Structure formats: structure tokens, C-alpha cells
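According to this note's numbering, the stretch in the sequence shown is residues 1 to 42, in order.
Hints in this document: simulated from the structure, not taken from any laboratory.
Computed from a predicted model, the values in this text were never measured in an experiment.
A portion of the hints provided could be inaccurate.
With a Cα cut of at most 20 angstroms, we get these calculated SDA-like pairs of lysine to any residue [claimed, not checked]:
| # | residue 1 | residue 2 |
| --- | --- | --- |
| 1 | 25 | 42 |
| 2 | 21 | 34 |
| 3 | 21 | 2 |
| 4 | 25 | 2 |
| 5 | 25 | 35 |
| 6 | 21 | 3 |
| 7 | 25 | 36 |
| 8 | 25 | 4 |
| 9 | 25 | 6 |
| 10 | 21 | 10 |
| 11 | 21 | 5 |
| 12 | 25 | 3 |
| 13 | 25 | 14 |
| 14 | 25 | 39 |
| 15 | 21 | 37 |
| 16 | 25 | 7 |
| 17 | 25 | 38 |
| 18 | 25 | 9 |
| 19 | 25 | 12 |
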Amino acid sequence: MGISYLIDTHILLWWLFDDPKLNAKCRDIIRNPDFNIIVSWG
Numbered sequence: 001m002g003i004s005y006l007i008d009t010h011i012l013l014w015w016l017f018d019d020p021k022l023n024a025k026c027r028d029i030i031r032n033p034d035f036n037i038i039v040s041w042g
């Protein structure tokens, strides 16, 4: 298993809606299947 990243709902929504607030490095990390993305809902 690769590196895990914890993201909040803002980051998830920015990624889902392709918001320019989310930089290219973050987009690449979220898209990379080698990383485990964990979303904080609270």
C-alpha cells in the first residue's frame, strides 16, 4: 500500500468540480491510484 492522504470535503468538492483553487500537485495526488485518499466528513 502506498502513501495515505487525508483530505477534507472542500478538497473533494474542488476536485470533483474541477475548481481552480485546487493546484495541479493536489490533483495529481488524488488521481494517482498508488495513493490512498481518505476523506474527512466531519
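How the hints compare with the structure:
Restraint check for residue 25 and residue 42: the C-alpha separation of about 24 angstroms exceeds 20 angstroms, so the hint is violated. Between the alpha carbons of residue 21 and residue 34 the distance comes to roughly 24 angstroms, so the proposed pair goes past 20 angstroms and is violated. Restraint check: the Cα-Cα separation between residue 21 and residue 2 comes to about 26 angstroms, which exceeds 20 angstroms; the hinted pair is violated. Using a Cα cut-off of 20 angstroms, the hinted pair residue 25 and residue 2 holds, with the two alpha carbons roughly 17 angstroms apart.
As the CA atoms of residue 25 and residue 35 are separated by approximately 13 angstroms, the hinted pair is consistent with the 20 angstroms bound. Taken as a hint, the residue 21 and residue 3 pair is broken in the structure, with Cα atoms around 23 angstroms apart against an allowance of 20 angstroms. Annotation: proposed proximity of residue 25 to residue 36 holds, straight-line Cα distance about 15 angstroms (limit 20 angstroms). Between the alpha carbons of residue 25 and residue 4 the distance comes to roughly 15 angstroms, so the proposed pair stays at or under 20 angstroms and holds.
At roughly 15 angstroms between alpha-carbon atoms, residue 25 and residue 6 fall within 20 angstroms of each other, so this suggested pair holds. Among the hinted pairs, residue 21 with residue 10 is consistent with the structure: their alpha-carbon atoms are about 10 angstroms apart, no more than 20 angstroms. Restraint check for residue 21 and residue 5: satisfied, since their Cα atoms lie roughly 18 angstroms apart, inside the 20 angstroms limit. Of the supplied pair hints, the one linking residue 25 and residue 3 holds, its CA atoms being roughly 15 angstroms apart against a limit of 20 angstroms.
Only pairs whose Cα atoms come within 20 angstroms are accepted, and residue 25 paired with residue 14 is accepted, the gap being roughly 13 angstroms. Simply put, residue 25 and residue 39 have alpha-carbon atoms about 17 angstroms apart, close enough for the 20 angstroms limit, and the pair holds. With a C-alpha separation of about 19 angstroms, the suggested pair residue 21 and residue 37 falls inside the 20 angstroms cut-off, and the hint holds. Taking the CA atoms of residue 25 and residue 7, the gap is near 14 angstroms; set against the 20 angstroms cutoff, the hint holds.
Under the criterion of a C-alpha separation no larger than 20 angstroms, the hint pairing residue 25 with residue 38 is consistent with the structure, at around 17 angstroms. A threshold of 20 angstroms between alpha carbons decides the hint, and for residue 25 with residue 9 the separation of about 18 angstroms falls inside it, so the pair holds. This hinted pair checks out: residue 25 and residue 12 have alpha carbons roughly 14 angstroms apart, not beyond 20 angstroms.
Violated hints, in rising order: 1, 2, 3 and 6; the structure is consistent with all others.
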